[in-house]
Structure formats: C-alpha cells, structure tokens
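Produce the entire structure from the sequences given, and follow the hints as far as they go.
There are 2 protein chains.
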Amino acid sequence: MSRVMNFNAGPATLPIAALERARDELLDIEGSGMSILEHSHRGKTYDAVHTEALALVRELMAVPDTHDILFMQGGASQQFAVVPMNLLAEGQSADYVLTGSWSKKAFAEAKNVGKARAAANAEKDGKFLHIPGEDELELDSSARYVHITTNNTISGTQYAKLPDTGSVPIVADMSSDIMWRPLDLTNVGIAYAGAQKNIGPSGVALVIINKALIEEGRTDIPAIFRYKTHADKDSLYHTPPTFGIYLMRNVLDLVKKGGGLAAQEKKNREKAAVLYSAIDANPDFYRSSIAKDSRSMMNVVFNLPTPELEAEFVASAAKEGMVGLKGHRSVGGIRASIYNASQLAWVEALAQFMKTFAAGK
Amino acid sequence: MSRVMNFNAGPATLPIAALERARDELLDIEGSGMSILEHSHRGKTYDAVHTEALALVRELMAVPDTHDILFMQGGASQQFAVVPMNLLAEGQSADYVLTGSWSKKAFAEAKNVGKARAAANAEKDGKFLHIPGEDELELDSSARYVHITTNNTISGTQYAKLPDTGSVPIVADMSSDIMWRPLDLTNVGIAYAGAQKNIGPSGVALVIINKALIEEGRTDIPAIFRYKTHADKDSLYHTPPTFGIYLMRNVLDLVKKGGGLAAQEKKNREKAAVLYSAIDANPDFYRSSIAKDSRSMMNVVFNLPTPELEAEFVASAAKEGMVGLKGHRSVGGIRASIYNASQLAWVEALAQFMKTFAAGK
Numbered sequence: 001m002s003r004v005m006n007f008n009a010g011p012a013t014l015p016i017a018a019l020e021r022a023r024d025e026l027l028d029i030e031g032s033g034m035s036i037l038e039h040s041h042r043g044k045t046y047d048a049v050h051t052e053a054l055a056l057v058r059e060l061m062a063v064p065d066t067h068d069i070l071f072m073q074g075g076a077s078q079q080f081a082v083v084p085m086n087l088l089a090e091g092q093s094a095d096y097v098l099t100g101s102w103s104k105k106a107f108a109e110a111k112n113v114g115k116a117r118a119a120a121n122a123e124k125d126g127k128f129l130h131i132p133g134e135d136e137l138e139l140d141s142s143a144r145y146v147h148i149t150t151n152n153t154i155s156g157t158q159y160a161k162l163p164d165t166g167s168v169p170i171v172a173d174m175s176s177d178i179m180w181r182p183l184d185l186t187n188v189g190i191a192y193a194g195a196q197k198n199i200g201p202s203g204v205a206l207v208i209i210n211k212a213l214i215e216e217g218r219t220d221i222p223a224i225f226r227y228k229t230h231a232d233k234d235s236l237y238h239t240p241p242t243f244g245i246y247l248m249r250n251v252l253d254l255v256k257k258g259g260g261l262a263a264q265e266k267k268n269r270e271k272a273a274v275l276y277s278a279i280d281a282n283p284d285f286y287r288s289s290i291a292k293d294s295r296s297m298m299n300v301v302f303n304l305p306t307p308e309l310e311a312e313f314v315a316s317a318a319k320e321g322m323v324g325l326k327g328h329r330s331v332g333g334i335r336a337s338i339y340n341a342s343q344l345a346w347v348e349a350l351a352q353f354m355k356t357f358a359a360g361k
Numbered sequence: 001m002s003r004v005m006n007f008n009a010g011p012a013t014l015p016i017a018a019l020e021r022a023r024d025e026l027l028d029i030e031g032s033g034m035s036i037l038e039h040s041h042r043g044k045t046y047d048a049v050h051t052e053a054l055a056l057v058r059e060l061m062a063v064p065d066t067h068d069i070l071f072m073q074g075g076a077s078q079q080f081a082v083v084p085m086n087l088l089a090e091g092q093s094a095d096y097v098l099t100g101s102w103s104k105k106a107f108a109e110a111k112n113v114g115k116a117r118a119a120a121n122a123e124k125d126g127k128f129l130h131i132p133g134e135d136e137l138e139l140d141s142s143a144r145y146v147h148i149t150t151n152n153t154i155s156g157t158q159y160a161k162l163p164d165t166g167s168v169p170i171v172a173d174m175s176s177d178i179m180w181r182p183l184d185l186t187n188v189g190i191a192y193a194g195a196q197k198n199i200g201p202s203g204v205a206l207v208i209i210n211k212a213l214i215e216e217g218r219t220d221i222p223a224i225f226r227y228k229t230h231a232d233k234d235s236l237y238h239t240p241p242t243f244g245i246y247l248m249r250n251v252l253d254l255v256k257k258g259g260g261l262a263a264q265e266k267k268n269r270e271k272a273a274v275l276y277s278a279i280d281a282n283p284d285f286y287r288s289s290i291a292k293d294s295r296s297m298m299n300v301v302f303n304l305p306t307p308e309l310e311a312e313f314v315a316s317a318a319k320e321g322m323v324g325l326k327g328h329r330s331v332g333g334i335r336a337s338i339y340n341a342s343q344l345a346w347v348e349a350l351a352q353f354m355k356t357f358a359a360g361k
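Going line by line, the protein sequences match chains A and B. Per this note's numbering, the very first residue in the first sequence carries number 1; after that it's consecutive. Per this note's numbering, the very first residue in the second sequence carries number 1; after that it's consecutive.
What the hints contain is simulated information worked out from the structure, not anything from laboratory work. A couple of the hints might just be wrong.
All copies of an identical chain are treated as equivalent in the list; a pair is satisfied when it fits inside any one copy or across any two copies.
[As the list claims (entries may be wrong)] Heads up, simulated PhoX-like pairs for lysine-lysine below, C-alpha to C-alpha not over 25 Å straight-line: (1) Lys319 with Lys355; (2) Lys233 with Lys111; (3) Lys228 with Lys115; (4) Lys111 with Lys228; (5) Lys44 with Lys319; (6) Lys124 with Lys104.
Written as structure tokens, this is what we have:
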C-alpha cells in the first residue's frame with residue numbers, strides 16, 4: 001500500500017493513525033465483539049466515545065462555559081438554514097459578509113428564512129480576492145448577528161482575525177479552518193463547521209453556540225431544527241452519526257497528543273509559508289491574485305501562465321504522488337489544500353516540484 | 001477476536017463481509033492511495049460508489065421509474081419535519097396513523113409545521129399492541145398524504161401489508177423494516193428510512209419519492225430541505241455522508257449476491273418463526289402481548305413473569321454471547337431485534353437458551 005500526498009479540498013486527508021485505529025477495531029472495538037458501527041448510541045461503549053469527543057472539543061478549543069457544543073447532521077449547508085431559523089424572529093435582520101461562494105449560499109438561504117442584508121461584498125469581476133477590512137463593513141448595529149465565513153476554500157482567502165462587530169454576536173462558518181489555531185470564542189455567538197476538512201469525515205457538523213442564543217431560539221420551528229433540542233439531550237436527541245463522531249474523536253485525540261492547537265498553528269503556518277514562498281519566488285510563472293493580508297493558511301490558490309500549463313502541472317504532480325491540486329471548477333487554476341492533517345513533507349515536496357516544473361518551461 | 005450475537009435495535013449488526021471489506025480498504029481504496037473517507041465527493045472513486053449504491057437500491061427494491069432515490073442526512077427524525085415542510089401547503093392537512101412512539105413523534109413534528117390529524121390511534125393504556133385494520137382507519141379523503149410507520153421497533157408490531165388509502169399517497173417511515181422483503185412501491189408517495197437498522201450505519205437516510213411529489217414540493221422553504229434540491233443534483237447538492245453511503249453500498253451488494261429481497265424475506269420469516277415458536281411453546285413463562293397478525297418480523301418483543309427474571313435473562317444471555325436483548329426503556333421486557341443482517345444461527349441459539357432458561361426456573 002502506498003499512500004498519496006492528498007491535497008483534496010474536502011473531504012480531505014485524515015491523520016493515518018486515526019484511520020489505522022479505526023481499521024484495527026472496525027470489527028471489534030475494545031473486546032465488545034462488535035464494531036463501533038453496530039453499537040447502540042445509548043450504550044456504554046458509544047457513550048464513552050461521544051463524551052470524549054465533546055470533551056476534546058471543549059479542551060482543544062478552550063470553549064468557555066458560556067457555550068455549548070453540539071454534534072449535528074446536514075453539514076454547514078444545513079446550518080445555513082438552521083441558524084436563521086433559530087435566531088431570526090419576525091422583524092429581525094441579520095448581516096452577512098460576503099467573501100466567497102459559501103457565504104453567498106449562506107446569505108441566500110437566510111433570505112429563504114427571513115430578513116438578511118449584505119454588510120460587505122468582496123466580489124469584484126466575479127472574484128473574491130480579499131477579506132474586507134473593518135472599514136469596509138457597513139454593520140447594522142441592530143442586526144441579530146453578523147455572519148462570516150472565516151476561510152474561503154474556493155478563492156483561498158481567510159480572516160487573519162475576527163472582525164469587531166460591537167455588541168452584535170458573530171456567527172462564523174468555520175468549516176474549512178476550525179481548529180487550525182487557538183481562537184478566543186468569547187464574542188462568537190455560533191461557530192459551526194462541517195467536519196470533513198480539518199477534523200473528521202463528512203456527515204458530522206460541529207456547532208459551538210452561546211447558551212443564551214440557545215435559550216432565545218425560536219420554538220415555533222420543528223423540534224429537530226431547534227438548537228435547544230440537541231443541547232438538552234447532549235446531541236443524543238436522535239441517533240447521531242456514530243462512526244463520524246468516533247472518527248472525529250480519533251482525530252482530536254491525536255491533535256491533543258500533538259500539542260493542541262498552538263502546535264497545530266505553528267505547523268500550519270510553516271506549511272503555508274513553504275508554499276507561498278515558492279509562489280513568491282517565481283512571480284513570472286506562479287501568480288497569486290489574493291491580497292497578501294488575506295491569504296489562506298488552509299487553501300493555497302495560484303495560477304500558472306496558461307490553463308494548459310495548469311493542466312500539465314496537475315497531471316505531472318499526480319505522477320509524483322501529489323493529488324487533489326486542481327482548482328475548484330468555478331475558478332480554475334491550482335489549489336493546494338493543506339488542512340491540519342496534511343504534512344510538512346508534502347508541501348516541501350510540492351514546493352520542490354513547483355521549482356523543477358517552472359525551470360523546465 | 002470473537003464477534004457476539006448482536007440483537008441491538010439500532011444501530012444494529014452489519015454483515016461481517018461488509019465490515020471486512022471496509023476494514024481491508026480503509027487506508028487505501030482500489031489502489032488510490034487514500035481512504036474512501038478522504039476522497040472528494042466530486043471525484044471518480046466516490047462517484048462510482050454513490051452511483052452503485054443508488055443503482056442497488058433501485059434494483060433490489062424494484063423502484064419504479066416514477067420514483068427518485070435520495071440520500072439525505074438527519075435520519076428519519078429529520079424526515080418527520082421535512083415531509084410536511086415539502087408537502088403541506090396552506091390549508092392542507094395530513095393523516096397520521098399512530099402505532100407507536102415514532103409515529104407519535106412524526107405526528108407531533110407535522111403539527112409543528114402545519115395541519116395534521118390522527119386517522120387512528122392504536123394506543124391503549126399506554127401500549128401499542130396491534131396495527132389498526134383498515135376498518136379502524138378514519139381517513140380524510142382530501143388529506144395530502146397518510147403517514148404510517150411500517151414497523152414499530154419499541155412495541156414490536158408491523159404492518160402485514162400496506163393499507164388501502166385510495167387516491168391519497170402513503171408516506172411510510174420504513175426505518176426498521178426497509179428492504180426486509182419485496183414491496184410494491186407504486187402507491188407509496190414517499191418511503192423513508194434511517195439506514196442504521198436494516199441497510200447500513202447511522203447518518204444516512206434513504207428517501208424514495210414519487211417524482212410528482214418532488215415537483216409539487218413547496219419552494220418557500222430553505223433550499224437544503226427541498227426534495228427537489230437533492231433530486232436535481234443526484235444527492236450531491238452538498239457533501240454527502242460519504243462513508244455511510246459507501247458502507248450501505250457494501251451491505252446492499254451482499255444482499256444482492258444473497259439473492260435479493262425475496263431471499264431476504266425467506267430468511268427473515270424463518271428467523272422470526274423460530275423465536276415466536278419459542279415464545280408460544282411456553283406461554284406460562286414467555287408472554288407476547290402483541291396481536292398475532294401484527295407481530296413484527298424485525299423486533300420480537302416479549303415478557304417473562306417478572307422484571308427480575310427479565311434482568312436475569314438478559315444478563316445470562318450476555319454470558320452466552322447474545323447481547324442487546326433488553327427491551328426499550330419505555331416498555332421494559334425483552335426485545336430481540338433480528339434485522340436483515342442477523343443470522344438464523346443466532347435466533348436458534350437464543351431459542352435454545354430460552355428453553356433452557358425457562359426449564360431452570
């Protein structure tokens with residue numbers, strides 16, 4: 001078996017030790033005579049996994065006591081609807097900062113539910129090349145919340161720090177950079193993330209939510225969509241995606257053993273620096289259109305002189321065991337996704353390949 | 001490694017060959033150098049799995065061309081809300097046949113969305129001991145749909161055949177008996193099921209829906225909850241629970257190789273007959289309160305003379321490698337869940353144990 005260097009944008013590479021653990025106990029976990037997939041979600045074996053996963057999230061992210069941690073289904077796309085369903089009462093409005101395709105989708109879904117307005121729109125000529133500064137935000141001080149997308153997987157931009165939104169709580173889609181580094185959650189009303197980029201497989205959404213927002217949530221929506229329903233039952237109101245939470249537990253256990261989010265940030269910054277250096281070292285051949293202060297540490301997006309050279313680049317890299325480098329179909333170019341589980345050696349190999357490839361042209 | 005005889009009610013036992021296949025390729029599927037968990041949902045490897053899973057559902061269940069097949073998230077509990085959100089327009093009402101806790105939950109959620117009424121309620125003194133006959137149904141001929149729960153995991157009852165609802169389409173929660181046997185879906189508007197009992201792991205819901213109902217679905221609800229959104233994108237509108245669908249594919253591939261649903265029905269009827277015979281052979285010790293024509297082929301529920309004997313029964317059976325036999329906390333007693341993947345040898349062992357246990361008292 002030969003594992004590739006996986007630069008997929010998501011679902012993405014997972015730590016090999018998390019997968020090996022899953023493989024080794026896939027038919028029999030802890031001598032129970034069955035797979036974790038076959039355990040009741042109300043039994044002791046699964047309960048220990050569930051509780052440990054919640055505790056790891058709380059410890060790693062230093063989630064304050066003011067906030068609850070929920071595991072939900074439907075990914076971030078479902079949260080696009082569930083957030084306004086819970087929070088937007090009649091007459092209330094939410095602010096959305098538009099920094100890419102995903103924030104536009106979140107905004108569109110909010111308008112299917114209630115009132116929402118764009119507090120800023122970073123789109124120019126169909127492209128999103130920077131994160132709006134605070135001076136560009138036209139915030140409504142009476143907004144119910146301000147929605148942001150902390151990292152934009154398609155365009156390759158990322159907030160260097162959370163914006164100051166005054167007394168209006170931030171709701172952050174952190175699907176593609178959750179746990180990439182330590183973050184103060186005090187002023188974050190809701191942080192949500194599909195697990196499949198930084199912390200686990202698809203099919204689990206992590207939601208960290210201020211308890212006050214849970215209590216203030218609408219009660220005239222279906223029970224399954226109320227945050228309170230899930231908070232009251234420790235995310236066991238209905239059968240959770242048990243294997244997904246189990247695998248997330250495996251991943252987070254390794255993050256903790258690796259030194260937590262401070263160590264994770266150091267590693268992630270090192271990886272990104274290697275690639276951005278390789279781009280900047282050869283500006284005639286590799287082109288990054290992203291504003292430097294908005295560059296993503298998770299998705300390094302760049303162009304070659306022509307689409308033909310980009311296609312050749314992707315094909316040649318694949319022969320060297322580097323896969324998933326094709327940019328998103330909507331923007332083209334090259335995208336190297338370097339989430340938490342990707343390795344420094346991979347980006348070093350990619351940087352070397354970039355040098356050799358450019359020299360040969 | 002010693003696998004137990006797993007009588008869990010769900011998540012439930014899975015075919016060992018489906019798990020072994022998952023284990024063997026968990027770090028590298030088909031020489032791709034990565035796990036199915038790490039593949040993009042837009043890539044060739046996952047796409048082949050997704051397409052095969054859809055095709056297996058269509059073939060095994062003989063799904064007519066009039067119906068679409070969807071993979072969704074949130075389990076049956078989410079469908080409790082999503083069905084009325086899509087189908088109930090202003091002024092319309094739906095009929096619910098109440099045959100257990102789950103149909104009551106579905107009914108309550110429908111009332112959170114719109115208008116719903118009980119067409120029958122089988123509850124008597126807090127118990128659900130039979131499936132109402134057609135003469136007991138007070139159907140509203142102008143109802144948008146009639147909702148039934150085909151098998152009731154907690155009380156242990158099951159429809160022997162679908163009721164005649166005239167021109168009103170049936171919406172069936174088939175979570176605990178989907179694919180237990182061949183079924184004519186012509187008059188079924190929607191059949192939905194969480195996968196975690198008969199066909200896979202938790203985190204995937206299978207929805208089979210008449211295309212006319214998709215087209216008639218409300219468009220003023222969030223896009224993520226419209227059946228049309230998922231139908232238009234072959235259940236790839238957003239990132240699906242890829243591993244869950246992969247494992248369902250593994251399971252359904254085995255069902256097909258084992259002779260399809262006709263063979264499955266034969267095996268399931270044999271298993272149930274063994275246990276009901278063991279109960280009926282000793283009516284002084286084992287008591288089934290369920291009407292005989294309503295007995296479930298999936299969840300065999302019975303009582304012993306006292307709760308203390310029931311606790312001893314569960315503990316002694318566990319020592320013999322038979323686990324998951326404790327009845328649901330809301331009704332007590334014993335429950336042997338014998339879904340598709342459970343083995344005839346297990347129920348034979350359990351029947352023998354029942355004989356020995358009773359003889360020793």
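We went through each hint and held it up to the structure:
no., hint, result
1, Lys319 with Lys355, "within (16 Å within a copy, 64 Å between copies)"
2, Lys233 with Lys111, "between (30 Å within a copy, 22 Å between copies)"
3, Lys228 with Lys115, "both (22 Å within a copy, 24 Å between copies)"
4, Lys111 with Lys228, "both (23 Å within a copy, 18 Å between copies)"
5, Lys44 with Lys319, "between (46 Å within a copy, 17 Å between copies)"
6, Lys124 with Lys104, "within (14 Å within a copy, 51 Å between copies)"
Of the numbered hints given earlier, the model fails none.
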